[in-house]
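Participant: Please arrange chains B, C and D on chain A, whose structure you already have, making use of the hints.
Protein chains: 4
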Amino acid sequence: MAGNTFGKLFRVTTAGVSHGPGYLCIIDGCPAGLPLSVDDLLPDLLRRKPGQSKLTTQRDEADTPEIWSGVFEGKTDGTPIGISFRNQDQRSKDYGDIAEKYRPGHADFTFDAKYGFRDYRGGGRSSARETICRVAAGAVAKKLLMRAGIRILGYVSQVGNIRAEVSDPTTVTLEQVEATPVRCPIPEKAAEMIALIDSVRLDCDSIGGVSELVAVGVPPGLGEPVFDKLKADLAKAMLSLPAVMGFEYGAGFRVAQMRGSENNDVFLPPPPHIHTATNRHGGMLGGISSGEPIVCRVAIKPTSSIPRSQQTVTRTGEPTEILVRGRHDPCLLPRFIPMGEAMMALVIVDHWLRWKAGQPMTDT
Amino acid sequence: MAGNTFGKLFRVTTAGVSHGPGYLCIIDGCPAGLPLSVDDLLPDLLRRKPGQSKLTTQRDEADTPEIWSGVFEGKTDGTPIGISFRNQDQRSKDYGDIAEKYRPGHADFTFDAKYGFRDYRGGGRSSARETICRVAAGAVAKKLLMRAGIRILGYVSQVGNIRAEVSDPTTVTLEQVEATPVRCPIPEKAAEMIALIDSVRLDCDSIGGVSELVAVGVPPGLGEPVFDKLKADLAKAMLSLPAVMGFEYGAGFRVAQMRGSENNDVFLPPPPHIHTATNRHGGMLGGISSGEPIVCRVAIKPTSSIPRSQQTVTRTGEPTEILVRGRHDPCLLPRFIPMGEAMMALVIVDHWLRWKAGQPMTDT
Amino acid sequence: MAGNTFGKLFRVTTAGVSHGPGYLCIIDGCPAGLPLSVDDLLPDLLRRKPGQSKLTTQRDEADTPEIWSGVFEGKTDGTPIGISFRNQDQRSKDYGDIAEKYRPGHADFTFDAKYGFRDYRGGGRSSARETICRVAAGAVAKKLLMRAGIRILGYVSQVGNIRAEVSDPTTVTLEQVEATPVRCPIPEKAAEMIALIDSVRLDCDSIGGVSELVAVGVPPGLGEPVFDKLKADLAKAMLSLPAVMGFEYGAGFRVAQMRGSENNDVFLPPPPHIHTATNRHGGMLGGISSGEPIVCRVAIKPTSSIPRSQQTVTRTGEPTEILVRGRHDPCLLPRFIPMGEAMMALVIVDHWLRWKAGQPMTDT
Amino acid sequence: MAGNTFGKLFRVTTAGVSHGPGYLCIIDGCPAGLPLSVDDLLPDLLRRKPGQSKLTTQRDEADTPEIWSGVFEGKTDGTPIGISFRNQDQRSKDYGDIAEKYRPGHADFTFDAKYGFRDYRGGGRSSARETICRVAAGAVAKKLLMRAGIRILGYVSQVGNIRAEVSDPTTVTLEQVEATPVRCPIPEKAAEMIALIDSVRLDCDSIGGVSELVAVGVPPGLGEPVFDKLKADLAKAMLSLPAVMGFEYGAGFRVAQMRGSENNDVFLPPPPHIHTATNRHGGMLGGISSGEPIVCRVAIKPTSSIPRSQQTVTRTGEPTEILVRGRHDPCLLPRFIPMGEAMMALVIVDHWLRWKAGQPMTDT
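Going line by line, the protein sequences match chains A, B, C and D. Going letter by letter, the first sequence gives residues 17 to 380 in this note's numbering. Going letter by letter, the second sequence gives residues 17 to 380 in this note's numbering. Going letter by letter, the third sequence gives residues 17 to 380 in this note's numbering. Going letter by letter, the fourth sequence gives residues 17 to 380 in this note's numbering.
Only chain A is shown next, with the shape it has when bound in the complex (with noise of 0.2 Å):
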């Protein structure tokens, strides 16, 4: 009830804090039979990491899981799947000023209010590090994805207000993401961006984006269709994420400005079977999916840690300025790749095993 479990058949449970001994993460419902080890787990973490280029904050965290439990002899023996990672680099002088003073666009106040108390080593269990888990519980979740045919891929498609459109999202590839650090696989788009950022970390300052994320394979039917829409998962995945602001799927907020006769999809016929022609819907319809590749967007906000004094005021009121030190990701799109994609994974794992246990009834 205090949120730390994400899934209902596929359930994730994380424990763990940015400054503490480290993460304890126990993946619950995952099927016998994956073939399953470390050696999957480490790209996504990879991606995730710290310190992968000079647009991400240089800090170097340990980031190798070790598996407790859940698999046997190379593969998951259908008992919960136990993760944890070491924490190493606490370097919590850098942060000392926080302890008596509230970091605009953070945490610190809100968890004071509602615990009474805070861990004010570091972000505590607001730190973007608590994503760890979850990643790596997203690698499991897109492994048993790719045996039923379903793959999940997220980039950068803007930051700033150099936008990266692309035209299909289901051609975009693994390597063309990974070729550049910032995520956006159209090179020339990859380049500004890369550029926007250097020149605001060089600015003391952050800079925000969007990421677009797609599944393509996954069948039509999966989605319930009343309060866990996929779609309405998918967005509480998302948002669940620190920093995002916005979700949206299909056309999103562009639907404001259009007419019912421009947005609508019409059907075709097959072959290979019914589609529609256009996919401004996202691959949702009545929030169960169409068959249609799946595309959400979501809008994530410039780093609140700023090497800059900024205003604010301490634990018992009194006005005061504060710069937060430390090292810090002057733009978050770039690793927010590997987690929005292990979101999305484990919201569609979770409707595929509720699809599994649902099929209906057939006359026998």
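Source of the hints: derived by calculation from the structure; they are not laboratory data. The structure presented is a predicted model; accordingly, all values stated were derived computationally and were not measured. Be careful, since some hints might not be right.
No distinction is drawn between identical chains; accordingly, a pair holds when it is met within one copy or between any pair of copies.
[What the hints assert, rightly or not] Computed list of lysine to aspartate or glutamate pairs in DMTMM-like fashion (alpha-carbon distance at most 25 Å, straight line):
1) Lys70 / Glu194
2) Lys65 / Asp184
3) Lys91 / Asp128
Facilitator: Only chains B, C and D this time, still in chain A's reference frame:
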């Protein structure tokens, strides 16, 4: 697991389709002692009702609730509140065609894919009429929140390309919202919106828009730090409503173009208490309420049912055309307002109860 | 969270009290395609109904269900099944005294303590009439289980000191159970039980007993290894019924006096498949079904309402006497059978759906 | 959904098997501000530990917990408490045979049936070592309950045919329970039990028993009236423990032979408050706590692993014999006590938090 329940401590479960006998709604977890009668449900049900004005469908529905349980001698008694709504105006003949043809933008195709067949007499479980239960439950939630000093209000902020920017959402009154049938609190913008909707209707088309929703008086500390962030649960709640294509809060998608130095809200000292100078964080930091007003916006697509012939396919995959009959809203926004308010109230009341359960231990 | 929902994948939510307008029941998660009508619910509802024989209360209740949703053209359609029952025979005058005095053995006192007040017209939410929803939902579950080759049956195995030991529970038929009003399948024991209940009734008293419940055809593999053991969920289901004071399965409490060498059931080879020579494990090993019949027993207390004056206190704590009026079962066992079967069916159908969702990945 | 989480507001999630790297446990929902350290966990972990006396297995296990999160500056901080236990004494060679043969009374066969294969190095997820996480979580729950004035205690009340009837369960002290290795508070009975267990052990056999568990100080009003009755959740909690074959509370199975006039507990006036003259209702009426001590009993089977050759089959269904090696408890009762207490504490703390959230609205 089939997703017909919403909430954890204040739980709403619904059943029913538009062309069956009616709807059932069970509200579980409402504390005992709240004065409640049918009269408390009627105002929002009337706001949701079709046929209120020429801006909405002229269909007449029977929206009178019957309370079966949970209220004794004028007060909630702690047991589940059961409510039913009878359907009356079941003009199934109007919908005849949709048994065999897929309406563009509707869930007919995805329902068939999911369940093997569907109630073809109307939208079935994906009919907008399903929201009648949510609005009734939301009215109970709102009344409970009023006791906690929390007030929920929504209004239309965009229809097509007409935008009505409210400078201070906390000053908008219910009277201002209800002053025009379009539920936009800025009179001149309301007039423009009404004219646009009217012209779209005469054009046999429909138009989308944006609604802004505000909660005032939410104390700091509601929401959980990881998966059940308040923003995440609000996003899910909104995306669980039909036709909603996007959600944002605070600065929303505008953050993509902002710098940290622009976007951060600085903290100011009391009086009366620690607060922020601006509210680009939409009343939530780290997914937890900050005490500032909670402000979010949702994008709503143009009604999919338009009185025009559209290209589509039959259930067996033959190309055909469909002319969706019946009376439909040319713009969903006016009737969306009570639905959006209801979902916002359900999320906040749920977190308010969780907050009560989770109060820190005090030294004794 | 107020506990009016049972099940995870096959979820039953109920509302209603004995002296209000009636009861609502929503069954969520029943797969589409199961033939279903009111006629499928009636047989078990009749078995549960008061006034069947002189062994049970002579009160006449209106037990006719109305199905509001979830069934289309004679089959479940995957959407929630809504069912209502109107109350009719509301002889509140019979209960007048209980508004101010606490009935011994009843929940009047605990309800007042919990909610601050209570519906004093009858047992309110703790009335045995609440089980009407469970029996209806159980009938749906049973029908679904029949499709999976699983059959549920209960019977009375003890009333007072009269024990009816069934040597092979799998051979008992519904006809044998229903042959006498006491629902004990051994005719001579049934006659003794009937005589005992009759004498207890004439003595203005009531008597307790034990019911045995059996599920045949459950495949091996249902149930989860740790908290959601099948035995654990069965225990909860049974103890959630009014008047149930104990649960045991297989050898049950007799194990306290047994040695491992006596109690272990040895495995035998096929044909037709690996099985055990004996069934002291009651069809569950490690909380997971073994393929042997699932056999459990529940202890049911003598009806608390007896037509005698009893010592008690008023709401304000004054000592007094109470004579509980109205018509009550002198023995709850006969009418318990359909309730116990319903709860057993709800547990097994839920785990059957979970089992389908959790099937191991096969190599492909 | 795979059932590795227990509780709704105070939630415990566990992972791990007896012969892998170790166990992880995440406790979610513990309020902030409770003083907590490893020292609070150790006493109950020591009581659960193998090798305490000749009555229990001589196996030495590493039961030292590491707290990863959820505690800051000596107090819980409201974030999830992560705990791990490393396995050390992994004598897998002792268990070699069980890879291919099914141990009678164990879950080997049902695990293979469920998952297609299993961790054959030990009991895997069904090993009693799994309870180490429950005992740690229970210690936290107990400490929280102490703050609410609620005390939990268990003891052995029967081993084989030796019964130790405690006349007033509320007067038993922890010291009395811990005075002998068998954990029976009546010294002469304890001596008889010890002698019996010893003789059974020398006989290469095992013996069952009964444990009584008591909660004192529970205020009236905990528990929900329908499915989540306090008695139902206690039953589930106890049956979720390995080897538990039955549960009863208050008069339990004895009610089968009782009349209502004998069984009803009459209410008495204050001082100090309304109470019952007797406690055959075991502290729960209508599934809600009455303020009287909560008293329940559980039946525990004789250890399935006995150092004797037993008839069985191989995984492929060939008849064979098995001699289960390793060191096993000749009687599970002494080590069951901390496990039973832990589960009782987890249920009551969960309902205590629900009770706080569900407090009636007062007129203002």
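Participant: Failing hints, ascending?
Facilitator: Per hint list: single violation, 2.
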